[in-house]
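As they're listed, the protein sequences go chains A and B.
Mapping to the numbering used here: the first sequence position 209 is 223, numbers consecutive.
Mapping to the numbering used here: the second sequence position 227 is 217, numbers consecutive.
These are calculated hints, taken from the structure and not from any lab test.
All values derive from a computational prediction rather than experimental measurement.
It is possible that some hints are incorrect.
Restricting the straight-line Cα-Cα distance to at most 27 Å, the calculated cross-link-like pairs of lysine-lysine (DSSO-like) are [to be verified]: (1) A:Lys29 x B:Lys163; (2) A:Lys29 x B:Lys38; (3) A:Lys150 x B:Lys38; (4) B:Lys225 x A:Lys29; (5) B:Lys225 x A:Lys69; (6) B:Lys225 x A:Lys226; (7) A:Lys31 x B:Lys163.
Short, incomplete list of chain B residues facing chain A, as computed with Cβ under 8 Å [claimed, not checked]: (8) Ser29; (9) Ile33; (10) Asp72; (11) Pro74; (12) Asn98; (13) Thr126; (14) Thr150; (15) Tyr151; (16) Pro153; (17) Gly160; (18) Asp191; (19) Ser193; (20) Ser194; (21) Leu197; (22) Leu223.
For each label pair, taking beta carbons as the anchor points, the in silico distance ranges come out as [what the hints assert, rightly or not]: (23) A:Ile120 x B:Ala45: 29 to 35 Å; (24) A:Ala208 x B:Asp43: 24 to 30 Å; (25) A:Pro93 x B:Val284: 56 to 62 Å; (26) B:Thr87 x A:Asn178: 32 to 38 Å; (27) B:Ala7 x A:Lys191: 54 to 60 Å; (28) A:Lys29 x B:Glu208: 22 to 28 Å; (29) B:Gly30 x A:Arg92: 37 to 43 Å; (30) B:Val112 x A:Lys66: 47 to 53 Å; (31) A:Ala199 x B:Val112: 31 to 37 Å; (32) B:Val284 x A:Gln203: 48 to 54 Å; (33) B:Lys46 x A:Ala208: 24 to 30 Å; (34) B:Leu223 x A:Glu149: 48 to 54 Å; (35) B:Thr87 x A:Gln203: 50 to 56 Å; (36) B:Lys46 x A:Glu96: 54 to 60 Å.
Backbone N, C-alpha and C define an ideal beta-carbon position, used for all residues, glycine too.
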Amino acid sequence: MGNEVLEKLQEVIIKGKRADSPALVTQAIEDGVDVDTIINTMSDAMKVVGEKFSKGEYFITEMLLGAHAFKAGFDVLRPKLEEKVKKTGGQSKKGVIVLGTVINDIHDIGKNMVASALQAAGFEVHDIGIDVPLEKFIEKAEEVNADIIALSALLTTTMGETKNLIELLKQSGVREKYKVLIGGAPISQKFADAVGADAYGEDAFDAVNKAKKLMGLS
Amino acid sequence: MQGSQKQGQKQKIYDIAGVKIGGERGETPTVLVGTIFYSGHKIVEDPKKGVFDKAKAEEIVNAQDEMADVTGNPCMVDVVGDFPEGMVKYLEFIADTTDSPFLLDGVNAETRIHAVDYVKEVGLTSRAIYSTISHTTKEDELQVIRDAGIECAIVFAFSTYDPTPEGKMGLLKSVDGGPGLLEMAEKAGVTKPIIDTAVLDISSLALSCKAIRMVKYEYGYPAGCAPANGMSLWKKARREKMYYKACEASASVYTVSMGADFILYGPITSASTVFPAVATYEALLGYGEKWSGVEQVEGHPVYKMF
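The whole structure should be built from the sequences, with the hints applied where relevant.
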C-alpha cells in the first residue's frame, strides 16, 4: 500500500477500532489521497474480516466491531464519495439496495453487519431500520430506484413477512422490478425457495456474494 | 481474579419469592432459568391467542421444579410471549402450575406492558421479574413498571456498538450520553436489578462472563447471562444429540464457574442436562469454599448432591 495512514486505516478496521477510523479517513482526505483509494482500502479491510470469519478465526463480536469501524470511517467519506459521483455524472456503485428488518422485529445486529458489508463491497445501501412495515420497503425501493430489496427477520413469528413482501410486490405489479434477498437466524435456503425469494444470505458476507450474483457481477 | 468480588463491592443477595440470588462465590447456588413458549416452541399452537399443549407444558415445568429440588439449584421460568393476549394465557398457566418466580419476557414493549398490567391486576408482582430494561426501553415502559410496583428487573447490558466487556459496563453508566441502564432501572422503581451481560454467540460467552465479574466487582449486583443464546447459533455443536448436550452442559458450567448468579440455560426441556451438571460443579465449589470460611445457604447443592 505504501501509505502509512491507509495501512493504519486498514488495521483499525480489521481490529474493529471504531474510535480510530474516522480520524484516519479524515487524515487520508487531508493528505490528498483519492477517494477511490480510501474506499478500496476500507473494503479490502472488510474482506479480511470476512475471510477471518469464514476461516473461524473471527466470530460475531469481531465482525460487529469491524463493521462499526468501517461504518464510522465510511460516514466521514460518504460526502466525498457522493461529490465524486455527482462530478463524474456516473455511477460508481454496483447496485442499489433497500435493507431493513421486517415489521414486529427489532433485531438490528445482523442487518447492520449486512449494511456495512454491502457498502464495503460497493453497493449503495439504504438502511430503513427495524420494525419496518412492508409498504415502506416498496416505497423506498421506488424512491431510490433500487435493484434489490433485502429483508432481515430474526423470529419465527416474523419470518413469514418475507413471503408477505413478495406477495405485496406481486399485488403491486412490481415483483419483476426488484430482486428479493432474505436472511436471519430462522431462515434457510429451503425457506427462501419456498417463499419465492431470489436469494438467501446465510451471513453478512454471503449476503454480499448473493447480491453480486443477483446483479450479475459474479 | 478469584476473590476480587470480596475486594470490590459487598455482594447483594435478593430474595425473590423465596429464591435467593447473588452473593459471594459459592455462597448461594446459581439460579437456573428455563425458557418456555419461545418462538418456535413446539408445544405452542397459537402464539397470538396463547393456545398450547397444557399437559406437555405442565410436564416440563414440573420437571424443572423437580430438578431444582433434587439438585439444590433454584429455578425460575422465563416466559416468552410474542403477543399480549397469548402472554397473559401463558402467565395464568405458569402462576397456577409452579411457585417459582417468572420472567415477563415479552418480545416487544406492548406484550411486556400487557404482562405487567396482568401481574399487577392479579397480585403477582412479587413473583414477577421484568425482562428486560435495555438501551431501547422507552420512558412509558419505565413508568408502567414503576406504577405496577415491580421491584425486580433484568437489566440487559448489550451495546450494538461495543459488545466488549468494557462496552457493556459503559452502558450501565450511560446510554448514548444520557442516563445509564442502572439509572433507568432506578427510574422504573426497580430496587433489585439483575444484570444480564448479553451473549451474542458462543464465543462471546467468554466476554459476557468477564463482564459478570466486572459487574459484581464494581456494583455487587447479581449478574449472569444466557449461554443459551450462544447455543442456539452454534452449528458445530449440532453434530448429534449427545454431543450437543455435552456442549450445552459445559457452556452452562463454564458460565457458573465464572461467577454467574443466574443463567438462562435455554429451553426448559434441557433441565435434566443442565441442573445435574451445574449442581455437581457447585457442590464441589461450595465444599471447597466451606473450608475457606464461606457458609452455604440451606438447601445448597453441597447438601444435596453427595
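Check your understanding: Which earlier hints can't be squared with this structure?
Key -> 2, 9, 11, 17, 34 and 35
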